[in-house]
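*Asks:* One letter stands for each residue in the lines below.
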Amino acid sequence: MKQVEEKEEPSVYQRVVLKNASPYHYLKVRLVLEDESTRLNAVELKYFIITGLKSLYGEVGAALNFDVLKYDEDTLTALLRVYSRSLVKLWSSLTLLGSYQNKACAFRVLQVSPFLLALTGNSRDLQLD
Amino acid sequence: MVRLKSRYLLCEVNVSDRSQLLLLDDRAIMVAVKAAVARTHGDYGAAMCSIRFCVKYLNAHTGIVFLRFPKRCYKLLWSALPFITSIETRGQKIPCFLNCLHVGGTIRTCQKFLIRYNTQQLHRMLPKCKSEEEKQQVRTAILSCSLTESKEAFEEDSESEEEEEEEE
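Protein chains in written order, with this note's numbering: chain Z, 10 to 138; chain U, 262 to 429.
Because the hints were derived from the structure by calculation, they are not lab data. These numbers were taken from a predicted model, which means no experiment stands behind them. Here a beta-carbon is modelled for each residue, glycine too, at the ideal position from N, C-alpha and C. Each hint should be verified, as a subset may be incorrect.
Capping the alpha-carbon separation at 35 Å, the derived lysine-lysine pairs in DSBU-like fashion look like this [unchecked claim]:
id, chain 1, residue 1, chain 2, residue 2
1, U, K295, Z, K55
2, U, K336, Z, K37
3, Z, K98, U, K332
To give an idea of the chain U side of the interface with chain Z (calculated C-beta under 8 Å), a few residues [stated by the list, open to error]:
id, residue
4, R300
5, T301
6, H302
7, G303
8, D304
9, Y305
10, G306
Sequences and hints are given; from them, build the entire structure.
*Replies:* Written as structure tokens, this is what we have:
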């Protein structure tokens with residue numbers, strides 16, 4: 010939504026809706042494990058997500074292209090990039106991925122946006138004092 | 262008005278060794294298709310396959326099989342059929358592949374297509390026919406083929422086609 014204000018005339022609001030604006034969608038996800046001490050590196054994380062896709066969507070799903078752009082090993086937070094058409098498949102397989110090496114785990118999806126810049130600001134972490 | 266619509270896929274099972282065709286049964290083909298769909302499309306595909314999927318008709322002599330899929334997901338399940346490389350029956354693995362000839366909305370349209378297809382095949386093979394007796398048999402088989410006696414007509418038609426092919 011974009012606001013266009015003129016000084017002399019009363020405020021004019023202009024709403025811009027962008028459909029299929031970006032070919033990619035970006036997801037910020039965090040992996041929460043039952044056992045706090047296990048560590049994964051980026052390659053293991055990607056392989057783990059691919060096994061999730063494979064169990065839900067088969068070989069075709071496991072062939073979906075997605076990238077791990079950034080990964081923080083200490084907090085297990087990753088920034089994933091996926092083509093917009095495959096977003097639903099990736100997100101649903103992250104939701105249904107329940108166990109890592111026979112231990113319970115969960116993916117928390119923190120932010121999703123078609124624009125990478127939008128992931129910098131998070132209104133959930135906003136401190137209003 | 263409110264009707265459950267399905268798509269019927271007319272497929273031909275191609276095997277290298279014709280005698281192995283006779284071992285096929287519909288349970289084996291159903292298992293093979295479900296396994297291929299589960300491998301290719303995962304849990305999502307296996308779930309779609311479990312509703313209203315069945316093998317409606319199987320002719321072991323010619324290897325014609327009718328598969329029924331629900332209308333909303335038949336394309337996805339159709340895309341898994343080329344990944345079938347073998348069918349397992351009675352402890353034997355038969356290497357084969359499924360070739361889809363026609364997609365119809367009802368069994369009737371598929372039957373009509375099959376009759377036309379069989380006659381076309383026979384017209385291609387008749388010139389190569391060796392004996393007059395064969396030709397006579399084939400002609401009577403085609404003439405007796407009608408929709409009312411559907412299955413028997415198929416088998417008759419297909420069996421004579423089968424004999425003719427063996428003659429070659």
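*Asks:* Against this structure, judge whether each hint is valid.
*Replies:* Hints, one by one, checked against the model:
{"no.": "1", "hint": "U:K295 / Z:K55", "verdict": "holds, 28 Å"}
{"no.": "2", "hint": "U:K336 / Z:K37", "verdict": "holds, 33 Å"}
{"no.": "3", "hint": "Z:K98 / U:K332", "verdict": "holds, 22 Å"}
{"no.": "4", "hint": "R300", "verdict": "holds, 6 Å"}
{"no.": "5", "hint": "T301", "verdict": "holds, 5 Å"}
{"no.": "6", "hint": "H302", "verdict": "holds, 4 Å"}
{"no.": "7", "hint": "G303", "verdict": "holds, 3 Å"}
{"no.": "8", "hint": "D304", "verdict": "holds, 5 Å"}
{"no.": "9", "hint": "Y305", "verdict": "holds, 5 Å"}
{"no.": "10", "hint": "G306", "verdict": "holds, 6 Å"}
Going down the numbered hints, you'll see the structure goes against none, and every one checks out.
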